[in-house]
Amino acid sequence: MKMNTLQDYIDRLNQLNFKEMYQNDFFLTWEKTDDELEAVWLVADALRFMRENNISTKVFESGLGISLFRDNSTRTRFSFASACNLLGLEVQDLDEGKSQIAHGETVRETANMISFMADVIGIRDDMYIGKGNAYMHEVADSVEQGNKDGILEQRPTLVNLQCDIDHPTQCMADMLHIIHEFGGVENLKGKKLAMSWAYSPSYGKPLSVPQGVIGLMTRMGMDVVLAHPEGYDVMPEVEEVARKNAEKSGGTFTKTNSMEEAFKDADIVYPKSWAPFAAMEERTELYGNGDFDGIDRLEKELLAQNAKHKDWACTEELMKTTKDGKALYLHCLPADITGLSCEEGEVDESVFDRYRNPLYKEASYKPYVIAAMIFLSKFEDPQAILKKLEENKKPRIFK
Amino acid sequence: MKMNTLQDYIDRLNQLNFKEMYQNDFFLTWEKTDDELEAVWLVADALRFMRENNISTKVFESGLGISLFRDNSTRTRFSFASACNLLGLEVQDLDEGKSQIAHGETVRETANMISFMADVIGIRDDMYIGKGNAYMHEVADSVEQGNKDGILEQRPTLVNLQCDIDHPTQCMADMLHIIHEFGGVENLKGKKLAMSWAYSPSYGKPLSVPQGVIGLMTRMGMDVVLAHPEGYDVMPEVEEVARKNAEKSGGTFTKTNSMEEAFKDADIVYPKSWAPFAAMEERTELYGNGDFDGIDRLEKELLAQNAKHKDWACTEELMKTTKDGKALYLHCLPADITGLSCEEGEVDESVFDRYRNPLYKEASYKPYVIAAMIFLSKFEDPQAILKKLEENKKPRIFK
Amino acid sequence: MKMNTLQDYIDRLNQLNFKEMYQNDFFLTWEKTDDELEAVWLVADALRFMRENNISTKVFESGLGISLFRDNSTRTRFSFASACNLLGLEVQDLDEGKSQIAHGETVRETANMISFMADVIGIRDDMYIGKGNAYMHEVADSVEQGNKDGILEQRPTLVNLQCDIDHPTQCMADMLHIIHEFGGVENLKGKKLAMSWAYSPSYGKPLSVPQGVIGLMTRMGMDVVLAHPEGYDVMPEVEEVARKNAEKSGGTFTKTNSMEEAFKDADIVYPKSWAPFAAMEERTELYGNGDFDGIDRLEKELLAQNAKHKDWACTEELMKTTKDGKALYLHCLPADITGLSCEEGEVDESVFDRYRNPLYKEASYKPYVIAAMIFLSKFEDPQAILKKLEENKKPRIFK
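First to last, the sequence lines map onto chains A, B and C.
Using the working numbering, the first residue of the first sequence is number 1, and each one after it goes up by one.
Using the working numbering, the first residue of the second sequence is number 1, and each one after it goes up by one.
Using the working numbering, the first residue of the third sequence is number 1, and each one after it goes up by one.
By construction, these hints were calculated from the structure, which means they are not laboratory data.
Warning: the hint list may mix true and false statements.
Chain copies aren't distinguished; within one or between two, either way the pair holds.
To be verified - Quick list of in silico lysine-lysine cross-link-like pairs, PhoX-like style, CA-CA up to 20 Å:
| hint | residue 1 | residue 2 |
| --- | --- | --- |
| 1 | K189 | K264 |
| 2 | K300 | K399 |
| 3 | K255 | K361 |
| 4 | K308 | K361 |
| 5 | K387 | K58 |
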């Protein structure tokens with residue numbers, strides 16, 4: 001996908017249909033067409049190309065990018081901030097600690113109050129099943145309405161920075177990394193990808209990554225295997241999405257309770273811990289009822305359940321069984337590294353170390369993917385804008 | 001006030017005298033002349049006009065807007081951030097948690113230390129009677145002196161984002177909303193406005209809004225009625241200001257202990273909870289003495305006192321008694337909505353819902369009002385600047 | 001050093017060799033050549049000259065300045081934010097509270113994750129002996145490697161905002177203040193500077209200021225005296241640096257346990273509290289072992305030890321003994337002022353008040369010093385950039 005001139009990216013974009021992305025939001029990858037996803041990757045690469053050639057991509061003279069994080073975050077926070085900054089938007093955090101939301105303010109009201117000069121809203125809300133994505137839609141509907149009613153002079157578009165269902169900015173970055181590593185989408189047909197559960201001493205990690213991965217990677221004609229111990233299922237709706245994707249793309253989607261089977265001859269492996277879907281549903285209910293004793297009990301149960309599966313780890317032995325013993329190892333980071341960040345974790349230190357550079361490159365696509373999502377939602381004719389930016393030749397760093 | 005071309009705003013500005021605003025601060029509306037207030041509204045509308053027509057109003061290539069919030073805030077925080085961003089200033093929060101102010105640093109020192117590259121300082125300090133406004137003056141005097149002494153290369157101007165006496169950015173936005181709703185200042189003569197206390201389950205809400213409202217709205221020749229239960233008086237000095245304003249403007253300022261009387265045939269109603277002035281004075285003293293038991297006792301007393309006045313609510317029945325049953329309903333938000341945000345509150349849900357759009361529009365003027373205050377304090381000839389910005393035709397969003 | 005035209009600064013820069021600063025970091029002043037330090041002062045003054053003449057110095061269209069503060073800070077935080085803003089970089093705080101660093105993430109990984117679009121990283125980490133500076137080097141090495149490995153498109157440079165060894169941005173600002181007060185470096189030969197310990201009711205103040213002062217001021221041919229009660233020694237390595245500097249510069253570096261002796265006929269005095277080096281080493285070890293009882297015990301010991309030296313204060317009497325009774329009084333602020341911020345402290349209120357303006361001017365150089373460090377690390381030919389900026393004549397404030 002790496003091209004030699006900006007025009008190459010523009011030429012390819014001209015062959016795609018993504019007009020629905022204009023003034024639209026990005027919630028789930030499977031709500032987007034193949035053309036739309038490719039447009040995101042193309043624009044992401046084009047923006048990176050321009051930055052690396054010191055061409056300014058600042059398209060906003062002023063404007064805010066609102067970020068709302070319900071959960072701690074370094075990577076996603078900095079990726080969003082970097083994406084906004086790259087385009088000229090200033091990030092303003094909606095810190096619910098500082099704000100009055102807690103005091104019975106309705107979502108609709110808050111959404112409008114923070115959006116008078118907002119061009120984009122990025123939300124991370126992945127803690128509770130059935131809540132995060134729904135909340136994002138509430139916010140998006142509110143500002144859409146606010147714009148229609150003449151309250152908001154512009155319509156801020158929403159970027160899902162991780163919800164209970166999908167983690168699109170992560171998985172789109174993962175996929176762009178894969179595309180670059182394999183030299184193009186066309187080379188992915190028939191490749192085997194193992195999305196596997198792995199042991200971590202912590203508990204309650206979101207399901208959005210494994211779900212996002214099977215919901216996206218199954219669209220490339222790959223053989224996607226979802227592996228986890230019994231009881232660690234993900235949302236059935238997303239498995240259904242994966243199945244349909246595989247059919248349509250000429251690939252396959254299979255499940256197994258054996259990490260070994262998943263890794264066998266795999267071209268790509270994604271070993272990562274997550275919590276059982278059923279348990280996360282239970283936790284959501286317990287929180288709803290304010291039953292904190294119940295939550296403590298649940299946590300103990302889950303940790304005990306986890307402890308039974310310490311053998312689910314990405315070891316050197318397992319890696320040897322992958323394609324030529326050198327499958328591409330993926331992770332959204334941070335990983336639980338055996339002997340480094342914990343006693344027993346998701347991956348051997350020696351394996352992780354061997355893949356540090358690819359892993360960091362994988363992460364480096366996220367700011368560009370977010371910027372591309374914003375870019376495509378803000379301009380009706382992105383190709384023309386890219387062209388003009390190149391012609392302007394305004395340097396990012398003065399020279 | 002809505003005009004068809006930027007030149008219309010400029011032409012009107014040319015008829016006004018507001019030269020005192022240059023390099024000056026904005027503390028209280030009644031410290032400003034009628035011309036100066038109109039200039040704020042004109043520039044606010046002009047900046048909005050330009051933004052809506054995608055003309056950049058970025059007048060600062062660099063510079064900081066310092067914000068200091070002694071109290072939680074979503075709206076005001078985002079309004080100030082939006083205003084700064086609209087003009088090209090980057091917001092830097094002075095979070096007293098993070099800072100060393102707590103450690104016995106003098107106001108003068110801090111004010112200078114944060115202002116080396118500050119063009120504006122916005123402060124919200126409304127908690128204690130006799131403190132907030134005084135503190136803002138200390139800060140403004142400090143940086144004025146710092147600039148004279150050659151410590152500060154520029155003189156940051158201060159915008160009062162809410163003090164113990166007035167909430168000028170809120171009330172100026174409220175007024176701009178009224179002006180637009182009634183089609184111009186000239187149509188306000190003889191209109192009846194009811195600033196009324198209303199019941200809220202919470203306690204200790206600032207007096208700055210009712211005080212700001214009677215201190216400003218009495219200047220338009222309106223019949224302004226201040227209604228509250230016995231014992232819920234506001235600062236006598238501000239009532240005096242309102243009286244003088246009314247005389248001068250040919251309107252009236254009256255007081256009543258009956259919400260019904262205030263609402264009767266009112267064209268505009270502003271039902272809102274606040275704490276008794278005397279009680280707030282007592283609280284300030286108790287804090288001064290670190291008497292926290294006393295504060296708890298006072299809070300209990302006030303809540304009990306409040307509970308006696310649950311009948312002070314903006315109900316459908318009351319709204320029916322207003323002019324043609326459809327007075328313009330105002331609130332600074334968030335409102336305590338009966339049945340939504342609380343069991344019994346300031347306003348019926350059905351009333352509030354009917355006015356959601358106007359209420360959000362009312363709020364939407366605040367960022368522009370703040371930006372106008374900054375703009376007028378920074379440019380000796382704002383009309384020329386507006387003209388040049390239009391001629392530059394630099395788009396806010398690249399095209 | 002104040003010059004009449006920007007060309008004067010450029011002409012002087014042309015006579016210096018500072019090419020090693022390009023793409024390099026700023027850790028300790030004694031790791032830099034005399035030319036490199038002078039270049040920082042010249043560019044700082046040049047940037048100030050341009051700002052005061054309303055010439056924009058915005059050299060970045062986009063880009064982040066990452067700040068990481070392990071300790072509270074008002075001044076340094078605002079100085080860094082001001083410096084970044086002056087050059088066009090947006091500050092993004094890496095708040096370890098909000099971030100996942102605490103959760104076993106390696107420095108190398110975090111450094112890369114936050115740096116995809118970072119042009120500069122500013123770190124304050126002064127709490128523990130042997131840790132802060134080492135941590136900064138880890139971060140700098142990580143991003144240097146990340147850039148080499150193609151993970152980071154640019155190489156963010158690091159600015160030491162205070163570590164356990166030195167406080168270069170503070171001391172470089174102090175020195176620039178001295179240079180301006182004495183009318184040039186050439187006038188400093190033979191001047192006497194007293195870096196003296198002074199009593200403060202607080203405990204455990206960093207050693208980085210006294211160490212930074214003796215490590216830098218000894219390079220100007222001055223007679224630098226380090227005075228402190230027995231047991232309040234600073235790092236021996238830094239004393240060694242000071243000794244060598246003095247030899248080389250033709251000045252002297254002496255030590256005394258008498259504040260009176262240090263102040264006698266001094267041209268410049270810097271009375272300030274700090275903790276004994278040995279005690280800080282012990283504290284670091286206690287923290288390492290999580291021995292919090294030990295830390296409490298140590299604190300009590302140190303406070304008791306401090307209390308024995310309340311006579312170490314910058315009084316009017318002492319000031320009278322300095323050169324003509326009016327030595328230049330320096331402090332990094334905030335000072336512990338007897339009778340104002342504490343009962344007994346570092347300095348008499350009357351002395352401090354007399355020097356308020358010079359002290360605030362001293363502080364005002366810090367943002368420019370930081371901006372100069374960034375500027376010199378980012379441009380291979382800073383003189384050409386300064387020249388072009390002047391030719392562009394883009395105003396900082398629109399006109």
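Results of checking the hints against the structure:
1. K189 <-> K264: Close inside one copy (18 Å), not across copies (75 Å); limit 20 Å.
2. K300 <-> K399: Cα proximity of K300 and K399: none, with 59 Å in one copy and 56 Å across.
3. K255 <-> K361: Answer is neither; intra-copy 29 Å and inter-copy 53 Å both fail.
4. K308 <-> K361: The answer is neither: 33 Å in one copy and 57 Å across copies each exceed 20 Å.
5. K387 <-> K58: within (13 Å within a copy, 24 Å between copies)
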